[in-house]
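Engineer: So the chains spell out like this:
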Amino acid sequence: MTIHHHPSDALLLDYASGALGEAWSLAVATHLAFCPSCRAMVGQLESIGAGMLDSVDLAPLSDKTFEAVMSRLETGTIEPALPAPLAPVKPSANGLPQPLRRYAENARGEIAWQRLGLGASQCLLSTGDVGVTARLLRIPAGKPVPEHTHGGLELTLVLSGAFSDQLGRYQAGDFQEADEGLEHQPHAESGADCICLAVTDAPLRFKSLAARIAQPFLGI
Amino acid sequence: MTGKPNEQQPAAGRTMDALLMAVSESKDKDAFQELYRYYAPRLKSFLLGQGAGSHMAEEVVQETMVKVWRKASLFDPAKASASTWIFTIGRNLRIDMLRKASRPEPDFDDPAFAPDPEPLASDAIFREQQDRLLMAAVNELPETQSEILKLSFFQERTHGQIAEELGLPLGTVKSRIRLALSKLRSEIGENE
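Chains as they are written, first to last, in the working numbering: chain A, 1 to 220; chain B, 1001 to 1192.
Just so you know, nobody snuck in bad clues.
Restricting the straight-line Cα-Cα distance to at most 20 Å, the calculated cross-link-like pairs of lysine to aspartate or glutamate (DMTMM-like) are:
(1) B:1067 - A:67
(2) B:1067 - A:74
(3) B:1100 - B:1059
(4) B:1067 - A:54
(5) B:1100 - A:129
(6) B:1027 - A:74
(7) A:90 - B:1107
(8) B:1027 - A:67
Worth flagging that the hints you see were computed from the coordinates, not collected in a lab. Remember, it's a predicted structure, so these values are computed and weren't measured experimentally.
Could you build the full structure based on these sequences and the hints that come with them?
Structural biologist: Set out below in structure tokens:
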């Protein structure tokens, strides 16, 4: 699988530093499960962070902290962890990689889809981020998402199927970063439904009146 | 940043990687103490820079060092240096303890995880070389670019927050990051 569309360097940096919020990080981390080259870049950014840690001014600690750490080792309450036993992990029945699977599947391994109308469905994902919405979207094969612009930032990661818009063709693992400037009309390709992870920090602005009227009911 | 990377290096001259290996292989408490003396004041300094109070910073340092001890057997010097490994543990605990948030990460054991096409770094010596090239390249970046990397790591700011703080358009900050990272990619011989 070749991935053609990656997160911006700015997003990879925010993820590596730890500054990026949970919902955005979910999109980046799930892309990393697909993409060895972005993983390598994040690894290099972490090495840069470590280089900065090496060269930072020293802040002395109280002796108490050192004693607390050593006594926790001495009392044996902290046994060195062995490498985690490699319990065979069952693949997701929905084909979702981690960490997304943990957010999207219930205890029975199912996705609780809600209908959006026109054959599309969504599943809202719960994260600790206020004001940022993460959801799975399922767009029926061959169908468009209504043409819209963005009030803020929208990250889209394709999980299965494919879509195309003015910027190109996106298939499993591909990542789109759309900001206020972009007006686009993604079309799912025929053949298979397109399932995406979408993370947004503002409601989308739809061009057509019908879509705008339906929006509050659809929760998008 | 002050340039005293050698301060409090152990007298015996064991590298941080070697000390962490000693903890990993034989639960060597002396080696662990050396690691503590080197990393704890640096971790605390990082945390203070990111806005933690002194007491909370020490709590996070304590948990980080305890986790270093517990998880030492998972340290693989072919994959990352001791500093990088400890940096990531500290970062994740900071997110957990200070922001009370979780950090989604890919899972290498997940069947859906796309493996690396070939081992990226075959051994610790190759990896050390890469790290040296990388840090040399970082030191050569123009101030306008390295400033952003520093704000990102020292103060844990997103690129959006950095743009606000520096009074720059978002696009300018993004393109500086892109320039910096493409320089780093070419320095370490990647052609992505």
